[in-house]
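As a plain string of letters, each chain reads:
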Amino acid sequence: MKNFQQEEQEVLHKESGIFGASLHRRSFLQYAGAGAAGIALVAAGCKKDNETSGSGVNLGSGDIGILNYAYALEQLEAAFYDAVIKTPYSNMPANELSLLTDIRDHELAHREFFKKALGTSAIPGLEVDFTSINFSSRQNVLATAKVFEDLGVSAYNGAGKLIKSADYLLLAGKIVSVEARHAALIRDLIENGTFANMEVIDANGLDKARTPAEVLSMAQSFLKTSINASNLPS
Amino acid sequence: MNIISILEEIEKVDAEVYERFSPRRAAMKQFYSFGSKVAIAAAPLALGSMFKKAYGQTSTVAVDAVLNFALKLEYLEYYFYQQGAAASGLVPAGTPAVAAINTIRDHELAHVNLLKGAITGLGKTPVSFTASNFDYTAGGNFSTVFSDYPTFLAVAQVFEDTGVRAYKGQAGNLMATPSVLQTALQIHSVEARHASHIRQMRKTAAGGGVTALKPWITGANDSGVAAAAASYAGEDNIIQAGVTITSLGVSASAATESFDEPLTMAQVNSIASLFIK
Chain Y
17 MKNFQQEEQE VLHKESGIFG ASLHRRSFLQ YAGAGAAGIA LVAAGCKKDN
67 ETSGSGVNLG SGDIGILNYA YALEQLEAAF YDAVIKTPYS NMPANELSLL
117 TDIRDHELAH REFFKKALGT SAIPGLEVDF TSINFSSRQN VLATAKVFED
167 LGVSAYNGAG KLIKSADYLL LAGKIVSVEA RHAALIRDLI ENGTFANMEV
217 IDANGLDKAR TPAEVLSMAQ SFLKTSINAS NLPS
Chain X
6 MNIISILEEI EKVDAEVYER FSPRRAAMKQ FYSFGSKVAI AAAPLALGSM
56 FKKAYGQTST VAVDAVLNFA LKLEYLEYYF YQQGAAASGL VPAGTPAVAA
106 INTIRDHELA HVNLLKGAIT GLGKTPVSFT ASNFDYTAGG NFSTVFSDYP
156 TFLAVAQVFE DTGVRAYKGQ AGNLMATPSV LQTALQIHSV EARHASHIRQ
206 MRKTAAGGGV TALKPWITGA NDSGVAAAAA SYAGEDNIIQ AGVTITSLGV
256 SASAATESFD EPLTMAQVNS IASLFIK
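These protein sequence lines map, in sequence, to chains Y and X.
Going from the first sequence to this note's numbering is simple: count from 1 and add 16.
Going from the second sequence to this note's numbering is simple: count from 1 and add 5.
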């Protein structure tokens, strides 16, 4: 029953209008979010979502699961750009160092934001596997950055409709457009004018949207930690 | 579990909590009575449904109204690029800028057509605009918009950044229609890609570059266009969901850059009205 005491506090934080504390608001979201709220709440009160088990790190369910999914991707991106800046490719031009440092800082902000906002509901830090990346090669670094950025954009685009809380949907929206700015810039660094070419934008002028399963199957090759998304909404 | 104490706690910060649930307090008393009788496992279900009604996202703007709002903005952008691309000597010939502007123009046209189809599909009437409906000088503020390349790019940047903010602000109004929401998000990120590229173009634009500009929005109005302040209002926010981003180990600039901010429909309409005759 202590969950309900938590929820009482969470409701208070919500109603203060500021989300004062960063702690898990899972249950409030499930109250406020959408259909089947009550059923999800009962489930939330009865099981732990994020345990590491033999089947890898479990992202959890509901909005918390989607936020952990985003947190996982931001961890991956932040670790990548951290390595890019720590071991820059040779003769990295000053403007590229500046832009890539900015992107590293943005991804770091995203990662740390999710960690703090998720509180005890956050998945643990993931172990990355960058053995396939040649950080001394500009071409390889930018090509990998392009994959990560386009993937991130498509991930948020595909996850938006799975989010039940309008507040969290807006947060995802605030982040995805920054990822899209990154994606366009990285593409332009590789080849000017490819910021939104037919590789990513279809004939209707739409960017890609991918399901969590599609995204994670692409991301997993850069992760030692196995991600279990089986409880995510679909 | 004490539902009533939860409600009382809410009342301390939201005096109208009971009114949200029901215009009549008497109805709440009925709930107390109801709550005391139902099984513990069932109570959250009832409570969940009650909270949803009181605080849940209620779409106050109909989907077709959101789509028509978006369509107006896409028309605004499309005719802007269409005229810019057609203006002799504006976009430097023989440079990558020509293809870039054409690409963006074509995306905006695709968005126009997609939205028209979606609105028609809902059984509603799409708004209709032609080039003659727009005044891209904004009443003379940008009198050289189709003759001076830096001015053209400056207005383009403001349109793209505003467009991103406009779609972001409407996402919540589309939650009840997941497929429409996803489509809107897929347009939203394309506008952000455009914004990123236009900003890069402005850095080295023939006729006057804005060298400090980045592909992302730093602080509030970084456009160099004072008249565009409304399009960037609030972009300098550094607090997200109660978390102060600068406390996470990044600079104030990075904190504002890493999260784009929304605009309301009213804010965007006010901005767009400057360009509509």
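Rather than coming from a laboratory, the hints here were simulated on the basis of the structure.
You may find that some hints are simply not true.
Under the rule of at most 25 angstroms between Cα atoms (straight-line distance), these lysine-lysine pairs were calculated in the DSS-like manner [as the list claims (entries may be wrong)]:
hint	chain 1	residue 1	chain 2	residue 2
1	Y	131	Y	102
2	Y	177	Y	190
3	X	121	Y	224
4	X	219	X	208
5	Y	240	Y	177
6	Y	224	Y	132
7	Y	102	X	121
8	Y	190	Y	162
9	Y	177	X	208
10	Y	177	X	129
11	Y	162	X	208
12	Y	240	Y	190
13	X	219	Y	190
14	Y	162	X	219
15	Y	177	Y	102
Selected chain Y positions facing chain X (in silico; Cβ < 8 angstroms) [claimed, not checked]:
hint	residue
16	98
17	99
18	125
19	176
20	177
21	182
22	186
23	189
24	215
25	217
26	220
27	223
28	247
Think of the CB as a built atom: it goes at the ideal place given N, C-alpha and C, for glycine as much as any other residue.
Tell me the hint numbers this structure goes against, listed in increasing order. 5, 6, 7, 9, 12, 15, 16, 17, 24 and 28
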